[in-house]
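J.: So you can see what is in the structure, the chains are spelled out below.
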Amino acid sequence: MSVIAQAAAPRRLARSRFTFDRLEVLGPLFIMPAILYVVVLVGLPFLLALYYSVSAYSIFNPSYTFVGLKNFREVIDSEIFRRTLANTLIFTISAQIIGLLLGKIGAMLLMQEFPGRRLARALIVLPWAVPVSLATLAWVWMFDSLYSVINWTLVAAGLIDAAHRPQWLGQEDLAMIAVAVVHAWRLFPFGVVIFLAGFTSVPQDVLDAATIDGAGFWRRNYQIILPIIAPIIMIAVIFGTVFTFTDLSVVYLLTKGGPINSTQVLGTLAFQVGILSGDVAHGAAICLFLFPFLLVAVILLLRSLRRREI
Amino acid sequence: MGAAAAAAGLAPAVSSPFVSTALAQAKTLKILQWSHFVPQYDKWFDGFATEWGKKNGFTVTVDHIPHLELPARAAAEVSAGAGHDIFAFNGSGGPHLYEKHVVDLSSLVSEVEKKQGKVQQIGRQIAYNEGTKVWSALPAYYISFPGLYRKDLWDEIGMNPDTWEDIRVGGAKLKAKGTPIGIGLGHSVDPNLSYRSMLWSYGASECDETGKRVTLNSKETLEVVKLVRAVYKDAMEPEVLSWDDASNNRYLAAGRGSWIHNPISAYRSIQKSSPELADKIYVWKTPAGPVRRLACGAPNSYVVWRFARNKDTAIEFLRYWTGNWVAVFEASTGYNHPLFENSVPKPMPILSNDPTSHPADKLQVLETVNEWHATYGYPGPAGPASDEVADNFILVDMMAKAATDKATPEEAVAWAQKEIELIYRKWSAA
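Taken in order, these protein sequences are the chains called A and B. When the letters of the first sequence are read in order and numbered with our numbering, they come out as residues 13 to 322. When the letters of the second sequence are read in order and numbered with our numbering, they come out as residues 181 to 610.
It is possible that part of the hints are untrue.
Said to hold, decoys possible - Derived DSS-like pairs: lysine-lysine, alpha-carbon spacing no greater than 27 Å straight-line: (1) B/Lys399 to A/Lys82; (2) A/Lys82 to B/Lys392; (3) B/Lys491 to B/Lys298; (4) B/Lys313 to B/Lys294; (5) B/Lys399 to B/Lys598; (6) B/Lys491 to B/Lys295; (7) B/Lys280 to A/Lys82.
What the hints assert, rightly or not - Derived list of chain B stretches under chain A, where covered just means 3 residues or more per stretch with a C-beta under 8 Å from a C-beta of chain A: (8) 221-227; (9) 247-261; (10) 271-282; (11) 483-494.
Just so you know, the hints here were simulated from the structure itself, not pulled from any lab data. We put the beta carbon where it would ideally sit given N, CA and C, even for glycine.
For reference, chain A alone in the conformation it holds in the complex:
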């Protein structure tokens, strides 16, 4: 009995080894957890949001009644929503531009040899590592109407008059700049990493040849390095856009969408209506306005990426 058992075991092992050696088996097996993760944590909530958005579901009346597109019509009818939609686009685009710009400058600096470079690298990762609530509260203090260190510095340097100090979170345009800058500050370590990866992938001989041919710093940067690393920047833009478009933490902690809804974004409005006010159906409808924008953005960027690869 035991002899037979001993003989059978290696055969089974060999067969399973053979099975796991096959790419068509191993591939799906490895990708399965990721697919499950996406389906359970993204796909199902998305379907649930669709389901709620065409209903009258609320915390007050948690029973399902189909209402068609009524919620979407009512949401669009609100001026607050229309302004929110425009704000979300402005917030996303400006945070991307600032984040990428800071990322590129940071990466270029870190490419240079200088004392304390390792410390600088560690510091640059900090905005990524610090919890958003903690970091944003620090920014709240920096923008405080009474104790702003930014205003104090500007007044001390004689650049502004104390009586006319800017109200970073109180003036509509400044408030939008403030939330975009804070979000860009959170994003830029990601930009630095992406640009660093891109820079190191540029063949040195191409740069050397260009230098010998007389290409200066700007020409090397914009006519050689940037086109080569464009695909990788596109990836950064896609991720950054998705993260920013769906973010509500920075705005919620800094301004709660104020003043006069000038910093209200889709995430905060959906939270306000769907969770705080308990109107789950309209909250879901507001959330779903994120979807077409993100879909179009991703399709455009992926197409552009593919063209560049060809």
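With chain A's structure known, arrange chain B on it following the hints.
T.: Okay, now just chain B, sitting in the frame of chain A:
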């Protein structure tokens, strides 16, 4: 046989975790409430609840979270069908929205009414549904909204901040002397309360007595919006547009502000940080308008979830808590205002004689707060619609639009009327 005996012997060990969990569930009471602005109240409450638990053989746990996180936590607990037994709501939103998820506390409320007198109007607004005749919560207390002012500065201009007109005129004089007044105009809770107070005092309101018809677009509202515009330009600094709920406290504590519309927590914190300044700060009623004197108080209430594991114990605890109202009041240093007529007999402790205040009767005016307070939804009941108007800061934005010339007062009022109508229409269909 041996195996059977062994299995029987193992059974208690195997099932013991389940048994002990079941016992723990039967003997545990979980309470969630906000982190009180008077921290010593939390300390007192935790000890009070634990002591009660010990006497009655229960383990009582009290969790405290920031008040702004309560709505999201309530939604999460209801979605999960699990969480705390007793949940304390603070501010707008709560008992009315969650009526179908909470235990009807009608018998507890009528029991408390028998012992402590009739529930006040604000308590009814907080927790009673006139349509379904359900008390979805025990009205716990409300946070009053008086005015806190620098007596030395107001004396210099020979005025008292008694009416909203005084605030406009006196505020302008004080701003010229470098000490403006301050009412927030950003997205935070305090402005929601302050501008409702102003509207009511002038006879305006967002809805009528039924709580169904939107009545904001009126000449009274227009008058208030014009007043706010004048107060903003003449008596305040633009920084009010960026204020959160703590900003006006800091404004007064920094010695810059001459009047703020706020609960006494601001005064209490200044007493600790700057006793000399605190002596100059006085408390007076919410300013009066031409029609009435009426402030919007912040409601607080206790609900017992339907999914609570220990509903009877929860109700028993709430009964005991209401039976100790004087202690509640003292522990909150006069901050928690009672919602039943005779909960705290007059002269009220602390308010009539506060040994930490100079003079000791500085807070005495707060004994009358029940005469000049209502809450969200006034003159009608509060409900999901009036709460959403508050959550979306529509009245605050209406004032801010006109104050900053982003819209004329007429345009601002028309805008707010339309937004509020959308919300009321939506909830009336729910």
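J.: The structure should be examined with respect to each hint, and the outcome stated for every one.
T.: Results for each hint:
1. A threshold of 27 Å between alpha carbons decides the hint, and for B/Lys399 with A/Lys82 the separation of about 33 Å lies outside it, so the pair is violated.
2. Only pairs whose Cα atoms come within 27 Å are accepted, and A/Lys82 paired with B/Lys392 is accepted, the gap being roughly 21 Å.
3. Restraint check for B/Lys491 and B/Lys298: satisfied, since their Cα atoms lie roughly 25 Å apart, inside the 27 Å limit.
4. A hinted pair counts as satisfied when its Cα atoms are at most 27 Å apart, and B/Lys313 with B/Lys294 qualifies at roughly 18 Å.
5. For the hint pairing B/Lys399 with B/Lys598, the CA-to-CA distance comes to about 16 Å; that is within 27 Å, so the pair holds.
6. Pair hint B/Lys491 plus B/Lys295 holds up; C-alpha atoms about 22 Å apart against a cutoff of 27 Å.
7. Proposed proximity of B/Lys280 and A/Lys82 is supported: the alpha carbons are some 24 Å apart, at most 27 Å.
8. Residues of the stretch 221-227 of chain B lying with their CB closer than 8 Å to a CB of chain A number 0, which falls below the three-residue condition for coverage.
9. With a threshold of 8 Å between beta carbons, the proposed coverage of the stretch 247-261 of chain B by chain A holds, since 4 of its residues qualify and at least three are required.
10. A count of 7 residues in the stretch 271-282 of chain B with a Cβ less than 8 Å from any Cβ of chain A is obtained; the coverage claim is therefore met, three being the minimum.
11. With 0 residues having a beta carbon nearer than 8 Å to a beta carbon of chain A, the stretch 483-494 of chain B misses the requirement of three or more and the stated coverage is violated.
Hint compliance for this structure: hints 1, 8 and 11 are not met, and every other hint is.
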